[in-house]
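Working from the sequences, and respecting the hints, build out all of it.
There are 2 protein chains.
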Amino acid sequence: MSVEDGIDFAIIELLFFAYRDFTSDPDQILADYGFGRAHHRVLHFVNRRPGLTVAELLDVLKITKQSLARVLKQLIDTDHVVQLQGPRDRRQRELYPTAKGRALALALARPQSRRIHAALGDSGIAERTLVERFLEAMVNPELRAQIDVGSAKMSGKSHGEH
Amino acid sequence: MSVEDGIDFAIIELLFFAYRDFTSDPDQILADYGFGRAHHRVLHFVNRRPGLTVAELLDVLKITKQSLARVLKQLIDTDHVVQLQGPRDRRQRELYPTAKGRALALALARPQSRRIHAALGDSGIAERTLVERFLEAMVNPELRAQIDVGSAKMSGKSHGEH
DNA sequence: AAATTACGTCAATAGTACTGACATAATCTC
DNA sequence: GAGATTATGTCAGTACTATTGACGTAATTT
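Line by line, the protein sequences are chains A and B.
This note's numbering puts the first residue of the first sequence at 19, with every later residue one more than the last.
This note's numbering puts the first residue of the second sequence at 19, with every later residue one more than the last.
Incorrect hints may have been included.
One-sided excerpt, in silico: chain B residues whose CB lies under 7 Å from chain A [as the list claims (entries may be wrong)]:
1) Ile81
2) Ser85
3) Ala127
4) Pro129
Straight-line distance between alpha carbons at most 35 Å, and here's what the computed DSBU-like set of lysine-lysine pairs gives [stated by the list, open to error]:
5) Lys91/B x Lys80/B
6) Lys83/B x Lys118/B
7) Lys80/A x Lys83/B
8) Lys80/A x Lys91/B
Honestly, the hints are just simulated from the structure, not real lab data.
Glycine included, C-beta positions come from ideal geometry on N, C-alpha and C.
Below, the structure is given as structure tokens:
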């Protein structure tokens, strides 16, 4: 079996290899911009959750304010992200992607999406929800609220307020 | 749909969250040893492929010799890994885990394996091979030779060699 | 004998992360 | 309204992981 000593080495290793190559696609593109993976992650979530605050972003990325600072500043300086004062609470800064930012986020996501699509096809998995369910179950239960898979989760009506 | 602009944002994001939490388990343990993720990766592969050479390890990890050097040296100095002169080619150094190294590799793998097991259960996926097939398909084709899932690949009846 | 290979090491640099401390402005609480 | 708390920004110092380039040694190949 692929399980030795009761340890599932097979999937542990496959996750490493899959993630290694999954991140290698955007890395190529990022290098042209002088950006790294940290920029990618920030841009991705700003694009996916426009209007999210700095505090929310820190919580999703699980990094510190100081780590975010440099990366976010560069994205703002290069006109990929803008900050707007929060409407309800003026201390907050809501983060939005610019058109340029959305374009880059899309360019970075494209090869990753292609890889996923090909993998779903190659592996002959009819039900994409199987993969989604497994990956979601891998996330810490108390952090699953961070996931926003669109209608995938509460398909049908209202994936309303969090 | 979870697919916007033809991009599979759902699985892209789920991979990020799943991997983030998947690596957080061993990170806790590694901190006690003054080790980081790089040590984990090296120890993992030395444990899984005892006798592998430095060049092979570099190829699997996709890092440079210089990056490996410090990490490997620390693992050797702390008696987690030993180097033996290659039997056929005495220039090569075959890497083996010590008992101590195997114990640590196992301790690091345990929580990850538990998480995977729980996720397979929670997501109600009867066929673990579905997940394995998807993850394997995510790896660059030319690098799939690096994967050694033990008997998992040829288990029972053939979904045989690619 | 000369070229190549496998490995080790030195120096310099970059990207991402951390802790701790401090500042400012806005909001909340009493 | 005064004071506490919150959201954000910033400075200083440090750690880990990674890079490129260069050089050395021993073993193997040509």
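Each hint, compared with the structure:
1. Taking 7 Å as the C-beta contact cut-off toward chain A, the hint placing Ile81/B at the interface is violated, the least distance being around 10 Å.
2. A hinted interface residue such as Ser85/B counts as satisfied when its beta carbon comes closer than 7 Å to some beta carbon of chain A; here the least separation is about 14 Å, so the hint is violated.
3. Below 7 Å, beta-carbon pairs count as interface contacts, and Ala127/B has one with chain A at about 5 Å; its hint therefore holds.
4. For Pro129/B, the shortest C-beta to C-beta distance to chain A is roughly 10 Å, which exceeds 7 Å, and the interface hint is violated.
5. About 18 Å separates the Cα atoms of Lys91/B and Lys80/B, which keeps this hinted pair within 35 Å; it holds.
6. At most 35 Å may separate the alpha-carbon atoms for a hinted pair to count; Lys83/B and Lys118/B meet this at roughly 24 Å.
7. Between Lys80/A and Lys83/B, the direct Cα distance comes to roughly 30 Å. Compliance with the 35 Å bound is thereby established for this hinted pair.
8. With a C-alpha separation of about 30 Å, the suggested pair Lys80/A and Lys91/B falls inside the 35 Å cut-off, and the hint holds.
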